Amino acid sequence: MESSSDEEEVHTFVQVISDKYNPDNFPYSRGQGLGIVMLPTPPGLPSKGNARNDRLFVPSVLVLNYCSISKAGQGSDIAAFCAHVVELDLSYNQLQDWGEIFTIVSNIPHLDFLNLSMNPLCGAVLEPPLAECFSRVRRMVLINTHKKS
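Quick note: the sequence shown uses UniProt numbering, first residue 1, plus one each step.
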C-alpha cells in the first residue's frame with residue numbers, strides 16, 4: 001500500500017520562509033537580462049554573516065497562508081529571518097499547538113498583527129506563561145480556529 005509523502009511531510013514556518021524567499025526559487029533571477037533583484041539583507045540592516053539569511057529578503061508584511069505549516073522550526077532562524085516583520089498571516093495552515101505559535105511570535109519582536117484564522121486549534125490550551133508574548137500583538141484574528149474536523 002502506497003502512502004503519500006505529502007500527508008506525512010511536516011512543513012515548518014522556517015522551511016516555508018526559506019523556500020518562498022530563496023532567490024533560487026525565482027525563475028527570473030537566473031541568467032542574464034532583467035529579473036528580480038534580491039538584496040542580501042533588508043535596507044539598513046547589517047548582514048548577520050549566515051549564508052541562508054544573506055540570501056533571503058522577507059517583507060515586513062509576511063503572508064504565509066495555505067502553506068501547510070504545522071511546526072515553528074528553530075527560534076533563532078525565525079528571529080534572524082523576521083526581525084523586521086510587523087504583520088503575519090498564518091491563516092489556513094495546520095497549526096494545532098500554542099507552543100509552536102509561541103515560538104514563532106516570541107521571535108518576531110515587532111509583530112503588531114497576527115492572523116491565525118482557520119488553523120485547527122480545537123482543544124489547544126494557551127497556558128499563561130506562553131500568553132505573555134502575545135501582549136505586544138495589538139491585533140490578532142482567530143476566526144474559526146476551534147473548528148472540529
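Be aware that a few hints might be false.
Derived DEER-like restraints, expressed as beta-carbon distance ranges [stated by the list, open to error]: (1) 126 / 61: 34 to 42 Å; (2) 68 / 123: 17 to 25 Å; (3) 59 / 125: 26 to 34 Å; (4) 75 / 112: 27 to 35 Å; (5) 134 / 68: 20 to 28 Å; (6) 20 / 75: 18 to 26 Å; (7) 66 / 125: 19 to 27 Å; (8) 9 / 135: 16 to 24 Å; (9) 57 / 129: 17 to 25 Å; (10) 94 / 137: 27 to 35 Å; (11) 75 / 140: 25 to 33 Å; (12) 23 / 126: 31 to 39 Å; (13) 132 / 23: 19 to 27 Å.
Since the hints were made in silico from the structure, they are not lab data. Here the structure is a predicted model, which means the values were calculated and not measured. Where is the CB? At the ideal position from N, CA and C, for every residue including glycine.
Q | Unsatisfied constraints (hint numbers, rising) | A | Violated hints: 1, 4, 8, 9, 10, 11 and 13; rest satisfied.
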